[in-house]
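**Q** Residue numbers (our numbering), protein chains in the order written: chain A, 797 to 1040; chain B, 83 to 300; chain C, 3 to 459.
To be clear, the hints were calculated from the coordinates, so they are not data collected in a lab.
The reader is advised that the hints may include incorrect statements.
Stated by the list, open to error - Taking lysine to any residue pairs in the SDA-like style, the calculated list, with each CA pair at most 25 Å apart, reads:
| hint | chain 1 | residue 1 | chain 2 | residue 2 |
| --- | --- | --- | --- | --- |
| 1 | C | 36 | B | 117 |
| 2 | B | 292 | C | 186 |
| 3 | B | 101 | C | 87 |
| 4 | A | 969 | C | 369 |
| 5 | B | 117 | C | 74 |
To be verified - From the derived model, a few chain A residues whose C-beta atoms are all more than 10 Å from chain C:
| hint | residue |
| --- | --- |
| 6 | 809 |
| 7 | 867 |
| 8 | 897 |
| 9 | 908 |
| 10 | 930 |
| 11 | 1018 |
As the list claims (entries may be wrong) - Only some residues are given here: those of chain B computed to face chain C with a beta carbon under 10 Å:
| hint | residue |
| --- | --- |
| 12 | 109 |
| 13 | 120 |
| 14 | 172 |
| 15 | 174 |
| 16 | 180 |
| 17 | 187 |
| 18 | 188 |
| 19 | 192 |
| 20 | 194 |
| 21 | 246 |
| 22 | 255 |
| 23 | 272 |
| 24 | 278 |
| 25 | 280 |
Where is the CB? At the ideal position from N, CA and C, for every residue including glycine.
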Amino acid sequence: MNVALFVPCYVNQFYPQVAIATLELLEKLGCKVHYPLQQTCCGQPMANSGYEHLSQGCNDLFIDNFSGFDYIVCPSGSCTLHIKDHLHSKKDEDAAVAIRKHVYELTEFLTDVLKVKTLNASFPYKVGVHQSCHGQRGLHLSQMSELVGKPFSKPGQLLSMVKDIELVELNRKDECCGFGGTFCVAEEAVSVKMGKDRVADHTAHHVQYITGADMSCLMHLEGILKRQKSAIVVKHIAEILNSQ
Amino acid sequence: MVPEKQKRIKDQVSTYITKLLNRLNSRDKILAAVKKNQPPQQILPGLETLGKKGAGDVAQFTTVFTNIGGKIYEVDSYETVIKTVQEQFPTAWKVATPIEELDEIANVDLNGFNDPHALQTVDLAILQPQFGVAENGAVWLSETDMKVRVLPFICQHLAVVLQAKQLVPTMHEAYTRIGDKQYGFGAFIAGPSKTADIEQSLVLGAHGPKSMTLFLFP
Amino acid sequence: MTQGKKHPALSEKFNADEPRVNWHDETLWFIREKRDKAAWQIPEWETLRDTASQIKHNVLSNLSEYLVQFEEQAKRNGVTVHWAADAEEHNKIVRKILQQHNVIKIIKSKSMLTEECGLNEYLAKEYIDVIDTDLGERIVQLAHEHPSHIVLPCIHWKKEEIGELFHKHLKTPKGNADPKFLTNAARLDLRQSFLTRRVAITGVNFAVAETGEFVVCTNEGNADMGAHLADVHIACMGIEKLIPKREHLGVFLRLLTRSATGQPITTYSSHFRKPRIGQQLHIVLVDNGRSTQLGREDFRNSLKCIRCGACMNTCPVYRRSGGHSYHATIAGPIGSILQPNLDMKKYADLPFASTLCGSCTNVCPVKIDIHDQLYKWRQVLTKEGYSPVTKTIAMKTMAATLSKPGIFTFAGKAGRWVMKQLPFIVNNRLNPWYKQRDMPAPPKESFTEWYQKNRKE
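Kindly produce the complete structure, drawing on both the sequences and the hints.
**A** Have a look at this one:
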């Protein structure tokens, strides 16, 4: 299976280990992974801030890099959702539409396309799962607490295949962490308060690691954890699923 | 025509139209604006798949009604109702009821007066709703059941007499029961008046009755 | 009171008292949880939401026809129908009715529409005394404040503070903060108002085009105590409050209170169709920007709103900033998509007071795509020029950097170098991130660099 790897801009620059883990995991599961070298960003930071009209350059670059792949996989719910909902091109809208149909977030790719049933991973720690909003409510990676419907969780399904992992139940299953893109600095007070409250929920359940499908949420929580000198460490789900 | 003259005529026409529009009353202005901006037609959904068939579940109604602060007495006759009222409520109370079978305990005349303020001293009003709704513990009364509109609200305590077989499962069946009745006023009443406005602390007895008692016939 | 301050500054102020924020947040979260419990009691809950949404879509696509039908039916029932194009006209209509009856003291039950029109302030200027009879509204009225939540007006007040307020205005004993005692004090005090005032103003939860009737939902019974004793009942409503048929009330009354407070239904759902014999019943239909919003393709669905407040209860930002931080009549997620329609400049900050988490859209009983509309308003407001210049410059720089691989690589490398070698450049108080969070540790290389070293053939 030919897969193109789409790496979020800040993961590329600040959390390369997440992209490495994603690459290794996909290869372990039998994919031939291509990494378009000229990729940069999906354009979400500008678009969510009201500057969608400035993201055309990013869009065209994305289309140049990712056209022609049957599967584009990204270890980020929000970036994937942004491409799915907002990739447009004045130059070649057909190419944009094709890409939107073929882009997948990592965990949904594993459960829905590769249909992974077992993993050769071990992570003997107590782990809290952060449900990133765009992945959950946008991509439906797991059931939403507001809705009356059957529970399901693609990340949860994959994590339960990891040996010796202990997943904890939080008090608030899917409350937002407060990152929200430029919200994290434009509304700093509320953003941090939201992050602190999420951290407190995990801390109250004595987790050793907080994981999730979006490094942006984890980056925000990590910033608060480090400021609190907490022993809790954040780890992207790709790293856990790829752990030996 | 000379351009200046053209412009003058254009301005005059524009002013005239503006004056005309301003003389349009708000009703016409609003309706015109709404009509202009209405989205394309979307058809009404049917309601057939909603609700429950059959009669309303008595156990469900009892549970919900109690949870919302009401008190239920299961009775089999009006004599029992009278006896319960005499036992549970002070004999000095002013009791108003249009239910003939309860004439014995009624001491407020509900006939032929025209000032609702006169009912401000009623301690207990006993009314007969048309039916109850199992899913939310509400009973439906129309103006004729109330006799005077303010009665079920102004009394200090409210009691109702209801037959269990007059229970419907959900609000959908409730409105089927109501049909196209031409009441002047009607209300669903679900338990005593209440508020949680002070730090989400539930208090029974806001501006309406402080308690609601339901005498449930089979 | 908020003096032109915007949401970020106001919510920063709100967050200065962390224990109080926790209390506000937990109180509203508790209501969200009650809502969830109530929804789970109805296996067909999602179908109900869908049905309600479709009914409202039908209403919006036939609104002018339903308005005419409603007016016709209401008039036939003996009701006087008035039309107000804007807030000022609404206020003038109310005042005229009061003047015709020589009334200078009135009672009012909950109506966010009258809040929107600034009715109380307008009437005060005309020396007309208005007493708000909903307990929460009475509390904020005595405190000279506006409601902070459309359903729970004084959710931001603690009981000790209410006790102090009642001690001052109702002469309750000092230090008494018992909700039961205070509520009873309000009951006795307001009962006098109900018994003596001759004009009652109420809101409208739903108006039925088919029958010309309207429904008012309360837990306290204050709308009824007012309306059934008054000589004149004036009901004020936004034109979007219509529903086509009486049977549709079944759908909406099942959704409204469960969404708002988790109760299966309000204590009173009062259906007013005709005036009481000897009484006058007036309905004031208000536009005030609604017809404009109807014309906005991306935002017209905000008019489906039935004012339940569920979006506020679930919003993690609202719970941690409080209604007053939105400096608007309607706060929270729904307010953020309604208010910019009235004044883009004044409310340009509201759609940005959100992480676009989407919880609001999920709890909305009429399935308004709130978080999608928040995103779209951001684009509109930016294009209309309501973004600060500094932000535009930053965004243009970001767009340039992110659309050119060469610059992107260089910027990333430079950033990592600075963070490693000269950390104080980013680790200081000028960096808003750094105020309460540590920066991420700079890795030695980007993923692209690692890939080029380790994988590129």
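**Q** To test your reading of the hints: which numbers does this structure violate?
**A** 1, 6, 10, 11, 14, 15, 16, 17, 18, 19, 20, 21
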